[in-house]
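Participant: What follows is each chain in one-letter form.
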Amino acid sequence: MTSIAYYPGCSLHGTSSEFDASFRATARALDLELVEIPGWECCGNTAAHSIDRLLATALPVNELVKVEKDLRLDAVAVPCAACFSRFKTGAHEVARDPAVADDVRSVVGRGYEGGVTVQNLVDVYHDAVGLEALAARVKRPFKGLKVACYYGCLLTRPPEVTLAEDPEYPTHMDAVVEALGCTAVDWNYKTDCCGASLALTEQGIVDNLVGRIVGDARDCGAEAIAVACPLCQVNLDGRQSEIARKDPSWVSVPVLFLSQLVGRAVGLDEKTIGLSKHLVDARAVMA
Amino acid sequence: MTTCTPSGVLATRVGDGCAENPYLCYQCKRCTAGCPVAEHAGMHPAQIMRAVQLGQYDMIFEDKFIWLCTGCQTCTTRCPQGIDIAAIMDELKIIAWREGKVHPEAPSAAMLKLNYDSFVRWGRMWEVELIARDALRRPKGALEWLSLGPKMLLKGKINPTLKRGDTEAMKRMVKTAESLNRARESQRAAAEKAAEKPVAKPGAKSGAKSGKKVAAPSGKSPASPPGDEGGGAS
Numbered sequence: 037m038t039s040i041a042y043y044p045g046c047s048l049h050g051t052s053s054e055f056d057a058s059f060r061a062t063a064r065a066l067d068l069e070l071v072e073i074p075g076w077e078c079c080g081n082t083a084a085h086s087i088d089r090l091l092a093t094a095l096p097v098n099e100l101v102k103v104e105k106d107l108r109l110d111a112v113a114v115p116c117a118a119c120f121s122r123f124k125t126g127a128h129e130v131a132r133d134p135a136v137a138d139d140v141r142s143v144v145g146r147g148y149e150g151g152v153t154v155q156n157l158v159d160v161y162h163d164a165v166g167l168e169a170l171a172a173r174v175k176r177p178f179k180g181l182k183v184a185c186y187y188g189c190l191l192t193r194p195p196e197v198t199l200a201e202d203p204e205y206p207t208h209m210d211a212v213v214e215a216l217g218c219t220a221v222d223w224n225y226k227t228d229c230c231g232a233s234l235a236l237t238e239q240g241i242v243d244n245l246v247g248r249i250v251g252d253a254r255d256c257g258a259e260a261i262a263v264a265c266p267l268c269q270v271n272l273d274g275r276q277s278e279i280a281r282k283d284p285s286w287v288s289v290p291v292l293f294l295s296q297l298v299g300r301a302v303g304l305d306e307k308t309i310g311l312s313k314h315l316v317d318a319r320a321v322m323a
Numbered sequence: 024m025t026t027c028t029p030s031g032v033l034a035t036r037v038g039d040g041c042a043e044n045p046y047l048c049y050q051c052k053r054c055t056a057g058c059p060v061a062e063h064a065g066m067h068p069a070q071i072m073r074a075v076q077l078g079q080y081d082m083i084f085e086d087k088f089i090w091l092c093t094g095c096q097t098c099t100t101r102c103p104q105g106i107d108i109a110a111i112m113d114e115l116k117i118i119a120w121r122e123g124k125v126h127p128e129a130p131s132a133a134m135l136k137l138n139y140d141s142f143v144r145w146g147r148m149w150e151v152e153l154i155a156r157d158a159l160r161r162p163k164g165a166l167e168w169l170s171l172g173p174k175m176l177l178k179g180k181i182n183p184t185l186k187r188g189d190t191e192a193m194k195r196m197v198k199t200a201e202s203l204n205r206a207r208e209s210q211r212a213a214a215e216k217a218a219e220k221p222v223a224k225p226g227a228k229s230g231a232k233s234g235k236k237v238a239a240p241s242g243k244s245p246a247s248p249p250g251d252e253g254g255g256a257s
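Sequence order for the protein chains is A and B.
Residue numbers 37 to 323, in my numbering, belong to the letters of the first sequence in order.
Residue numbers 24 to 257, in my numbering, belong to the letters of the second sequence in order.
Simulated from the structure, these hints should not be mistaken for laboratory data.
Even for Gly, the Cβ is constructed at its ideal location relative to N, Cα and C.
Computed cross-link-like contacts, DSS-like style, restricted to lysine-lysine with a CA-CA straight-line distance of at most 30 Å:
(1) B:K87 / B:K124
(2) A:K105 / B:K186
(3) B:K87 / B:K163
(4) A:K175 / A:K307
(5) B:K178 / A:K307
(6) B:K124 / B:K194
(7) A:K307 / B:K174
(8) B:K198 / B:K216
(9) B:K124 / B:K216
(10) B:K163 / A:K282
(11) B:K52 / B:K124
(12) A:K282 / B:K178
(13) B:K178 / A:K182
(14) B:K178 / A:K179
(15) B:K136 / B:K124
(16) B:K163 / B:K136
(17) B:K198 / A:K105
(18) B:K87 / B:K136
(19) B:K87 / B:K52
(20) B:K136 / B:K198
(21) B:K186 / B:K198
(22) B:K87 / A:K282
(23) A:K282 / B:K174
(24) A:K307 / B:K186
(25) A:K179 / A:K307
(26) B:K194 / A:K105
(27) A:K182 / B:K174
(28) B:K178 / B:K163
(29) B:K186 / B:K174
(30) A:K175 / B:K178
(31) B:K174 / B:K136
The following label-pair restraints were derived from C-beta to C-beta distances:
(32) A:D163 / B:Y49: 34 to 44 Å
(33) B:N182 / A:L199: 26 to 36 Å
(34) B:K194 / A:S39: 25 to 35 Å
Kindly generate the complete structure, drawing on both the sequences and the hints.
Facilitator: Written out as structure tokens, the structure reads:
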């Protein structure tokens, strides 16, 4: 069994508890031991980097230092795409600028040596577990369910920081869902922003963005959308119910965490992967 | 040092803060073409970049664009000059907070502050607190939530409880970062003041236009800007 540090982040303890539950359950089923970082702090999210740049870099680096020096592990799973982005950015900033590294060391109290690999949800299944090992664990393969893999903004951008292979047309999540027996559809809005950071304040803009993304997935034949970010999920799922309320002709598409698709395929039950929490009912496509 | 015109001041300040060089922008507008919110504000990213180069502070801060920016990094990814444009948007927000230039009609700005206060207070961000405080401050806007909120509650999507982080560690980090920031800011202000004097007369030729490098007015620069070529340190 491989051990990997785990940083859940605030959303997985809040609006997206089913993401946390399904991720932990799939890790167990795939022989991956998750060691949650003790007393973890918020990564600073969208707010810190637009208010205090130094704090925004120091907060994720503080968690990386805990992984490196306290847990003595060489990788951390950060399933929330927004947290993942902050972790990667923090590590990138201290590696490229010694002056920043000095300031961050003063704030954190310890230095970061750069010895931790930061993995997002797709990386965990695609790289840490591996496609072959994943396929070997599939007990209930999907029978060609058509899935649009939605990467959103921060899994791949900016590529200098994430080191994503193809930031404009990523395919790793597609490979993971194919290993589960799904059919990944080609579509146009894989990496477009859903506007989740404006979900509480600018609903008009957000409905417009969500409508375009989900509409295109549907037009390209998708029966479900797979995501790897709690903000994307709550936004695409929640706003669709509002769009449908205003537009009776709207046909909704269920929005699933990649971990829920993996969970179903490796034989976990509906309750374990939290299927009852979706506003757009996802049970039919997961049956 | 002769390039410190008023325009140089803003570009220098923005460039120093985020180690980017705004003068590298040549207005190709790829940032704008890919921006998810460009159509919803008065200005678009390329116009913001031009205004930074020209020192047109007020134009930027009177528009809502920087507060609509979602930080999606599309502009940064596609800029052919390698400018981290999203970082420049962040830097403009930081300057706006510092100088009291936050747009009064941008609810997203207030939301960022609520979010920041929440994780500083608890060590972690508490979503329920954000929604509640936003509703108190802005009852009309929160009406929108009346239909979605209860649905999410019923589905168990909203977890009212809070699990705290290590609040002591958080407070210590915030304090240290703030004092370091204050020290850097007073160094910067002093350097700016010292450099302004010789060229404060009207009619001073703008050398900033040709000066590709955003050099700090004096030697003191916490994060030195990138050189002429390449932009970001990729």
